[in-house]
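J.: Just need the whole structure built from these sequences, with the hints factored in.
Listed in order, the protein sequences are those of chains A, B, C, D and E. Using the numbering used here, read the first sequence as starting at 531 and increasing by one per residue. Using the numbering used here, read the second sequence as starting at 531 and increasing by one per residue. Using the numbering used here, read the third sequence as starting at 531 and increasing by one per residue. Using the numbering used here, read the fourth sequence as starting at 531 and increasing by one per residue. Using the numbering used here, read the fifth sequence as starting at 531 and increasing by one per residue.
For the record, the hints were derived by calculation from the structure and aren't laboratory data. Worth double-checking, as some hints may not be accurate.
Put simply, identical chains are the same to the list, so a pair is met inside one copy or across any two.
[Claimed, not checked] In silico DMTMM-like links for lysine to aspartate or glutamate, alpha-carbon gap of 25 Å or less:
id, residue 1, residue 2
1, K553, D601
2, K608, D563
3, K535, D545
4, K609, E569
5, K608, D548
6, K535, D607
7, K588, D563
8, K553, D563
9, K553, E612
10, K535, E571
11, K609, E571
12, K609, D548
13, K608, D545
14, K553, D607
15, K614, D601
16, K535, E612
17, K553, E569
Quick caveat, the model's predicted, so the values are computed rather than measured.
Each chain is listed here by its residues.
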Amino acid sequence: MRGRKLLMIRPMLIDSEDPTRFKPGSNTIIAVDTLGAGEGELVMFSQGSSARQADGLKQLPVDAAVVGLIDTVSIGDKKTYEAKND
Amino acid sequence: MRGRKLLMIRPMLIDSEDPTRFKPGSNTIIAVDTLGAGEGELVMFSQGSSARQADGLKQLPVDAAVVGLIDTVSIGDKKTYEAKND
Amino acid sequence: MRGRKLLMIRPMLIDSEDPTRFKPGSNTIIAVDTLGAGEGELVMFSQGSSARQADGLKQLPVDAAVVGLIDTVSIGDKKTYEAKND
Amino acid sequence: MRGRKLLMIRPMLIDSEDPTRFKPGSNTIIAVDTLGAGEGELVMFSQGSSARQADGLKQLPVDAAVVGLIDTVSIGDKKTYEAKND
Amino acid sequence: MRGRKLLMIRPMLIDSEDPTRFKPGSNTIIAVDTLGAGEGELVMFSQGSSARQADGLKQLPVDAAVVGLIDTVSIGDKKTYEAKND
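T.: Next comes the structure, spelled out in structure tokens:
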């Protein structure tokens, strides 16, 4: 596990009161990041044995991995998330 | 993962107050779609290592996949869901 | 998956207020049935990679399977469930 | 699965209001017992593919197994559980 | 499992009201400790088949393992946890 970057992730849920918005879930997950995600970014992550399918994680005791960085999310016609580009 | 279509899925639960109806669950799942599902459709999905059994997903860090499109749901005698046919 | 019978299952939980009774849980699971269960029956089901150990499901993207039909449940001395025999 | 003893298990959680005590969780799990646990005993159980690592369960559609009988639990200095010895 | 040290773990969640703090989750997990963690320490743990990737656990019916000891946690600019050094 040496040298692996780890992120704290809060799953985002569709807000029941306004399904065009996200709200943060209540649990917190530690995931290995192989893609260089930063604080405040929206990422896609995989859990369980599937997380170990990500590059270079096959033999590690890893149960969550970031597998994608998200640029934009659209729900219906409404853009609900857009990544900040630096 | 390049070129894979991803869907945001909200699990549907049987409504405790009226078991002939569904209500949306509170969590949100990102699943790979290999069947061409569209917005507003009811689908069946599989999670964990089982999702990787779907066509062409064996080596991918995928922990959820759409494995079926649902035409109709009947609970008891009542049809609770019917897919819109275009 | 062609020709597989699927069931909607609601997990039963022990009722906290009266531990000799069951109450239905709030989630809904779609499981493959290889045993011929019917509506209203109490079954035992298995989830995740374990579900794929059931007969004939090894290669399918199945994450829940009915693995037993339940005849009677006894909690302490009280019989809390008895299958209807036709 | 023939001849396997099954137990209904209620997970015990640390009570938030008094962390030296347990309280029963709200879900109910059916686990294979290979150790001879009895009613009212506190056991340790394993879920998912890990449960199938228990003796003789490798090929069975089993997603929970009792893997230990608990004699005593101590939280801090306080003994919170002690098995009844017959 | 003989001689394995087991720990009771309470997952820590980010507090919704003050995201720079942790609060204890409501569930309790039993994990194998291969690293010598002590009471009151913050650890990282892995669940499911991933836990069995930890050193020496491949064949055991273990569904949770401590895979790291945490020195400090920083959320934004604020250090939210620091391990006590003896």
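J.: Compare the structure with the hints numbered earlier in the document and write down the numbers of the violated ones, lowest to highest.
T.: none
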